[in-house]
Each structure stands twice: as C-alpha cells, then as structure tokens.
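A.B. asks: The chain contents come next:
Protein chains: 2
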Amino acid sequence: MSSTQIPVIETQTERTDLPLVVMPTVIPTMLEPLTACLPTLRDLARVRLHTDTTYDEETIVERMQGADAMIDIGLHISDHLLDQLADHVRCFAFGGTGVASFINLDRTRELGIRVCNVVHYGNHAVAEHAFGLIMELTKHVGRLDREMREGQWAGMDGLDLYDRTIGLAGFGGIGQTMACIARGFGMHILVWNSHLHTDQAAQFDAQPVDDLGDLFEQSDVVSLHLPLTQATAGMVTAKQLDRLRPGSIIINTARAEVISPGALLTRLQRGDILAGLDVFDREPLPADDPLRQVPNLVMTPHVAWRSDGANRNLTKQIMQSLAAFYRGERMNVVA
Amino acid sequence: MSSTQIPVIETQTERTDLPLVVMPTVIPTMLEPLTACLPTLRDLARVRLHTDTTYDEETIVERMQGADAMIDIGLHISDHLLDQLADHVRCFAFGGTGVASFINLDRTRELGIRVCNVVHYGNHAVAEHAFGLIMELTKHVGRLDREMREGQWAGMDGLDLYDRTIGLAGFGGIGQTMACIARGFGMHILVWNSHLHTDQAAQFDAQPVDDLGDLFEQSDVVSLHLPLTQATAGMVTAKQLDRLRPGSIIINTARAEVISPGALLTRLQRGDILAGLDVFDREPLPADDPLRQVPNLVMTPHVAWRSDGANRNLTKQIMQSLAAFYRGERMNVVA
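Protein chains in written order, with the numbering used here: chain A, 1192 to 1526; chain B, 1192 to 1526.
Worth flagging that the hints you see were computed from the coordinates, not collected in a lab. Treat the numbers as computed from the prediction; the structure is a model and nothing was measured. Beta carbons: idealized from backbone N, C-alpha and C, even for Gly. You may find that some hints are simply not true.
[To be verified] Think about it this way: if two alpha-carbon atoms lie no more than 20 Å apart in a straight line, the pair counts; the simulated SDA-like pairs of lysine to any residue are:
1. Lys1507(A) / Asp1354(B)
2. Lys1507(B) / Asp1354(A)
3. Lys1430(B) / Ile1464(B)
4. Lys1430(A) / Asp1402(A)
5. Lys1507(B) / Tyr1353(A)
6. Lys1507(A) / His1311(A)
7. Lys1507(A) / Pro1219(A)
8. Lys1507(A) / Ile1264(A)
9. Lys1507(B) / Ile1200(B)
10. Lys1507(A) / Tyr1353(B)
11. Lys1507(B) / Asp1348(A)
[What the hints assert, rightly or not] Here are some chain A residues the structure puts well away from chain B; computed CB gaps all over 10 Å:
12. Thr1288
13. Gln1391
14. Gly1500
15. Ala1514
All chains should be built: construct the whole structure from the sequences, respecting the hints.
C.D. replies: Shown next as structure tokens:
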C-alpha cells in the first residue's frame, strides 16, 4: 500500500458497530456515481472506497482487512485471493453481469459466500453504442472529421438507415432497446431469439424469423445481442456468415465467442461486407491481431457497456444488493 | 472538350423529333440513380448525360449546344453563362433546394426560362447525419477506432442519449424526422419553430418552447434545422449560445449563416460545450480557419444531404420535373 496521499472515501467511520464494506480498487469513472449511492447503506454498513487502481493481490488483501463485504468492479479474483479473503468476507458485490468470468462461483458456494451481480444496467448504453458503430459505417463522421482536420473537403456519400432492414439476433433487454431505436429510424425489424413470443416481437413492430441463417440473409444490418452461454458459444457459424449479402453490415457488442472462432475474420477478408465490433476473442486485442489490418471494419475496445447512465445504474444496484444482504433480503444473488 | 474517351450516356438518339436534355457535368455518385430514372422521359425528351466533371464555362456551353433543358447538380451558373445558354435552354432542372445560390432567378424570370428545384429529398439523410454527429460526440466510435488502430485499448465512457433532452430549432421535414429518431432513443423532445401548431408537436411527443433562448437553456442537445432566409440569417445570437449549459451539445446541419457570424467560434473557445458541424461560413473550410483548432468539435464537409436514399429522391424529382415541363404541367417550379 503505497502512501497516505491517495485519498480514501469513508462513511460513518465512528459507527464501528456496523459491518465494513470495502472497494479496494476503482475504475475512476465509477467513483462519482458510487459516491452518489453511499446513502443507500446508511445505518447498514460503513463503506471505504479506495480511489486508486491496483490489481496487486497483496495490496488487495491488505485493503480488505476487517471487511465484511467487497465491491468488485473489474477485478479478477483468483482462487488464491479468494481463499485469503474467505475468512472474513461474506459477500462480493460485483459490478457486471457475467460475474462467472471473474470469480469461482463453485468455490464461493462451498464457502457459503454470497455473490451478487448487476443486471440490465446497460441496455441503453450497449444498444446506443451498437448504433454508434452502425452510424460510423454508414455516415462516416469520425472518418470525415479526421479527413477535415488533415485539410481535406471531398467527403463521401452516406447510406440511409431509413427503409433498410435490421436483423436482431437475441431479443432480451438490449435487443428490445435496439428495436425501439431502429423503429425511430424507420427501419424494418427482424428478430431471431431462441424463445420468442410472436406478440412480444409485435410490440416492437418486429417480425420474428425462425432461422438464424435466414435472419442473416434478409437483413441489411445484423446485430448480435445474445448472452454467452454453453448454448450460444459458437452459434454463429461460417455457414451463417456466408449468407450475409454483399454490402451488409454485422455488429457485435455481445461477446466474440458467440461467433465460431475465426469465422468472422475469414468472412471479412472477402471484402464484401462491413463490420462494427466492440468485443474480441482476445481482450485487449493483441497488437498483431489480423483484425487490425481489415478494412471496412470499425472497432471499439469493449466500451459499449461504459456510459454515464450505465455507471449510475450499475453502482446503484451494487449498493442496493449490499443493502439487501445486510437486511437479510436477496437481490441479484447469483451464488 | 477533351476527348471522345469519356463516355456519354444517351437515350433515344434516333428520336430527333424530341427535345434534348443535357447534363454537362456530373457528381459521380449521381450517375447511377440518374440513369435509373431515365425511363421517366421516354417519348418526352432525349437525354444526354456527360459522365465527367467540369466547371469550365466554355466546355459547358459547347456541351449544351442544341439542348432544350439542362440538368444542373452543383454547377453555379454565372450571369455570363446564363446569357450564352438563354437562346436555346428553356428549363433548368436543379438538383437541390436552395437554387437561388446557383442561378440568378430574377434574370431567368425576365428571360421566361423555367427553373425547378427538388424538395424534401434529404429529410432522412440530413436527420440521420445529425445523429451521426451526436453519436460521435457521445459514443466516440470514430475516435476509438482510430485509437485501436494505433494499438491502444484504454477506451472511454460514453454518454447515454436515453432520458436526455434534445431541442430542435426548426420543425419542417428534417426537424420532424429528428423527432422520430430522438423518440426511438427515448429522448425528451423540445421544439421551437416560428409557426408551430401545438398539435403538430404533440404528434411527435414534442413539447413546444416559445423562446429560442429557452430552448438552448433547457436542452442537452440542440440541433438546428432552420432554412436560410432573410428572417433566419443570424437568428442564433451570441446571447442565445451563452444560454447553452456546460456539457451540452450543439449540432448544425442546416446553414452556418443562421448563426450570427463568429458567435459559435467564440462560444466554443470557452471549452465547456461540444459541437457537431456539417456547414461552415466558408465552404470548403479554409485550411487556416480557426475552427480547425477547436477541440470538442466534430466536423464533416457539408455531406449530410449526400446519401444513397437522398440521391435517389433527388434524381427522381429532377426527371419528374422535366417530364412535367414537357407535358405542360408544373412541378417544383421556383421561377
């Protein structure tokens, strides 16, 4: 632990009768919305928020001393670290949906430690970002801005979204938000989902498509909004990608692993489709990854979930799930 | 006229009984949609489309020999050129709305020459481009793509449009299309227009605001969709720009001249607002224009009106207005 110069945000320090919640490391943009939510734990727990970022296990252990619960946003908990914390930490409040990638849930179950996640916090953030990718591919604003700053003026034509067809693979909270936005643009909406009620699609003026390959073939823009599960891993195959029409666009803000390994790169290298990707098989994307050489591709570094609104929703749910824990209630409990 | 190598697209060459329509210079992306519309003039006029771009008056005059009507997309007709064409050209079909900037309408009226423009062809193109500017300022896709191609991964948080307020200054076809898109994003919509019926705003879930300055103060995003007229020139003053809140966004895809000269640059230089601009006081924007040094600004080179859909609408109206001329009817006649 480096020094006393890095401030710590603490609440109710005099209330040593209350249990202690510690966040040992921070994603800086989370600090403001976290602080705004602190009143949720008034009279339930003291909170100590460290305001610098560390991934050093020894430092984490030291900072967690005496803590009863941990706020974890983006920190991978190794089994080794978990074992060191398990004698006093009774609850992990994780700032994300896919907590299984960050902590060993079999082990926390064995140890009787509660793990909470957050859900649907980023429906708007992710859907809007997907449209951000679509718009850069069709309106080229980022590219034209760069060209103008280089002194150019030629410009290029855009593509209208109006009257084009978007195909949504997955129709949970994000997929439904996509449909609302697409409707505003005057797009036709197709939707594929493993369990889809026709009337649910109709609510969003969306037309269900039974076969994922048909969705790919019938859409001008395909956007993936599937969770990563055993059932969805590799679900988008080379054969389905082959059915994308020349000039069509594929967007992935979900998880790279829903596409069969290597299949998207192969399809993109044919050069007749466009893609917008926020997620990658390896993250951070290695400097020598062949995707970095592909034209007709717009990439962002897994940021779709990161927005002011998402941060507010996420931190609010973290504090609420901790409050529920201390009240003997259950909220967002995954293990 | 350079050579015979540059092809000319001609229809009904044998029908010398028909009048001749000539387009002496082309914007290349217009050629395909123009060609698709040629059947509109079957048995009404021969058409000759030159497929290269020239702004040389002598060449224009030579190419227009024997022509009865002219298709003009983007060519400024000087009075000198007009006088040379006036003895045989009876109709100018102009590919844009603001034809008065391209040809002297007082003179064409004196000469008894018909001038047609095109209207509402780019409502979707312009509104979608305005959202392209908004999204680059809030989702940073173009910027993050550039950073990723440079090997970075850090990313940055986005801003949600959901639940934010957009203020539309102007509520014609483009403003109304903006409202539809904004509603899809779940934005609150305020609208100011010189002649606005409350029920018209209500159709779009928009709330009328009586004072333009109030609109600026109450909006997270202000987007200008006013035509340039004597009444609107300089209508957005420094005083109104002062009322933009820190962190708010102003978008201009209309005309630079609706903002009081210099006022926007001064406001931007305070560094507390963001802007997306497709239009400029001087176009092309000079290399030494101070706007090029302003951060928190995204610029595109007056391309909002240029899209595949807009091109189709524009070329279709050109051919229809010429067909109307030859049938003795009136369509899109401005003089």
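A.B. asks: Which of the listed hints are not met by the structure?
C.D. replies: 14
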